[in-house]
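Student: Spelled out, the chains give:
Number of protein chains: 2
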Amino acid sequence: MAYAWNLVSRPKGSPTMENFAFTKMPDRTLRDGEIRVANSFFSVDPYMRPRMDEGDSYIPPFDLHAPMTGAAVGRVIETRTDRFKIGDRVSHFKGWRDVATLAAEDASALPEGDLKDEYFLDVLGTIGMTAYFGLFDVAEAKPGDVVFVSAGAGAVGSLVVQIAKLRGMTVIASAGGSQKCEFVRTLGADRVIDYKSPGPFEEKLRAAAPSGLDVYFDNVGGEQLDAAIGVAKRNARFAICGMIGMYNSDAPIGFSNLFNLISKRLQIRGFINMDFMARRGECMAQMGYWVSEGLIESHYTTFDGIENGPEAFFSLFSGGNTGKALVRLAS
Amino acid sequence: MAYAWNLVSRPKGSPTMENFAFTKMPDRTLRDGEIRVANSFFSVDPYMRPRMDEGDSYIPPFDLHAPMTGAAVGRVIETRTDRFKIGDRVSHFKGWRDVATLAAEDASALPEGDLKDEYFLDVLGTIGMTAYFGLFDVAEAKPGDVVFVSAGAGAVGSLVVQIAKLRGMTVIASAGGSQKCEFVRTLGADRVIDYKSPGPFEEKLRAAAPSGLDVYFDNVGGEQLDAAIGVAKRNARFAICGMIGMYNSDAPIGFSNLFNLISKRLQIRGFINMDFMARRGECMAQMGYWVSEGLIESHYTTFDGIENGPEAFFSLFSGGNTGKALVRLAS
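Those protein sequences? They're chains A and B, same order as listed. So the first sequence is numbered by the numbering used here: it starts at 1 and just counts up by one. So the second sequence is numbered by the numbering used here: it starts at 1 and just counts up by one.
Check the hints yourself; a few may be wrong.
[Claimed, not checked] Straight-line C-alpha distance at most 20 Å; calculated DMTMM-like pairs for lysine to aspartate or glutamate: (1) A:Lys233 / B:Glu54; (2) B:Lys233 / A:Glu54; (3) B:Lys233 / A:Asp275.
[Said to hold, decoys possible] Per the computed footprint, the stretches of chain A lying under chain B, defined by three or more beta-carbons under 8 Å from a beta-carbon of chain B, are: (4) 236-244; (5) 252-264; (6) 268-278.
These aren't lab readings, by the way, just hints derived from the structure by calculation. Note that beta-carbon positions come from the ideal geometry of N, C-alpha and C, so glycine has one too.
Between the sequences and the hints, there should be enough to build the whole structure, so can you do that?
Tutor: Right, dumping it as structure tokens:
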């Protein structure tokens, strides 16, 4: 008996339980070239929110009345291909379900050994790629730079803080509330800003970076983006990775500092980790080394049981967790 | 008797005559290494507006109770240097006055011949550099691209339209009112949008560029920038050159399409023509060739007499003129 979370309506504003239906998936025998995977973890990510809407996003919108999709890890339990045998560990994109049936070419073989399943949904998966390529390639960050990363307690942000410190940067990070700020400090951030504390964010950022920013790694958009434009040094580079603060609203966002784009010759680039898929190996090799040497750490908030999929997803927007949000499936 | 326009107060919002005072400049004998220049033209430019405010802009703010400055062209009438003789044509930065006294090294020798004085304040001066380097370097525009340029009837925009067409691009331009739109059509633009016509600008832009934009050359910011983000193709490049619509206001500007930065992997770069000063010769050679072959044309709105300096400047913000605004001095 396989179950999945279907999308049954498109949210207006914040997603709610009404947009989802827990659905029994039809049984069917495996076709030639397919594998069946018992998922151990699936990922919930902010980018899934814009995919719930109609129209253009990174990738086409989720279909209505069909299972949600997303990154997942598991082991092969049935196979009709030479490429995988039963017991192989794989990652794939049929998340939001306990058992996935898919073409063998849509699964990636994962190495065995000490690396935990969940790493491949985080530091060794697309989250790691987002942090790595966003920081080093898109924002062209280099040793000595002053880097500001928003949502520093989040999945991507918590990795950006760590790898920026490893590469000799000064790191300023934002997070919401004293607990998360303390967590970000333990990751090595030089200065941490509680964006929920009273007062204009720009003043706090200026106090944290009195000589200005070389790089901004943006996970939130809105007020923090505007502030970073105001506090940037000349020729600063911005990697625009996410705008979680703006996903659940259609209201226009007000910007006051845009003239700085010109006067400071800023470079602002949006990016998507998928664009770096061809260089995935470079990132996995570097991050895999750092993880196994204990130089960086993966941090999770784990939700147990497929039934908590939507709750795990909602937690991304309520700011309720630190690090990567994952759903762990009963084994 | 030399006269100049002094800045006597900093504008709140739009500049007015009260911010200026027409002032007799003190007579003084020339010092060693100096020249005296009778200006034939001086330039008024949008970038002067943010320089009237206190605080950071491109360059330091204008001093209060001192003459305004800006690009000017004229001929040497007195000299205490070997570098220039009487009658030499020069450009320099002591505009907003009829006679300029300056160090010889702050003046550039201009070629004699058929090229008119005013060309060196436009297509062969910083306006030409802004169009040339903004389009080809900052926005990385190439033959076949669909290019949108705002303020296509303005000094920079009217050159961008022409050089983009010369290099085989499809050009969409915006302008205000039917007369200016007609002017932009005569420059060769493939499609022209009247931004003053009723309805959302984004719909008009989408209709003009149904397959999307590769490049946006931004002279205005605000609604047209937001619309261009919405209509951009994946991997489109934006050169942010000016935000004239935003110079006279402190109000935050609302943006609705910012998520497209990520989903479309947009690259947005602010720039200043001064950053390309070392490559000025490349631009002058190319633009000089195009001008003398009749392949591009300079267009002016000329204000006669130093007394009309402020009026010429105000006209930049009221949308009252086409092409470059210049003040011609009595000879």
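Student: Determine for every hint whether it applies to the structure shown.
Tutor: These are the hints, each one checked on the structure:
no.	hint	result
1	A:Lys233 / B:Glu54	holds (18 Å)
2	B:Lys233 / A:Glu54	holds (18 Å)
3	B:Lys233 / A:Asp275	holds (15 Å)
4	236-244	holds (count 4)
5	252-264	holds (count 12)
6	268-278	holds (count 6)
Of the hints listed earlier, there is not a single one the structure fails to meet.
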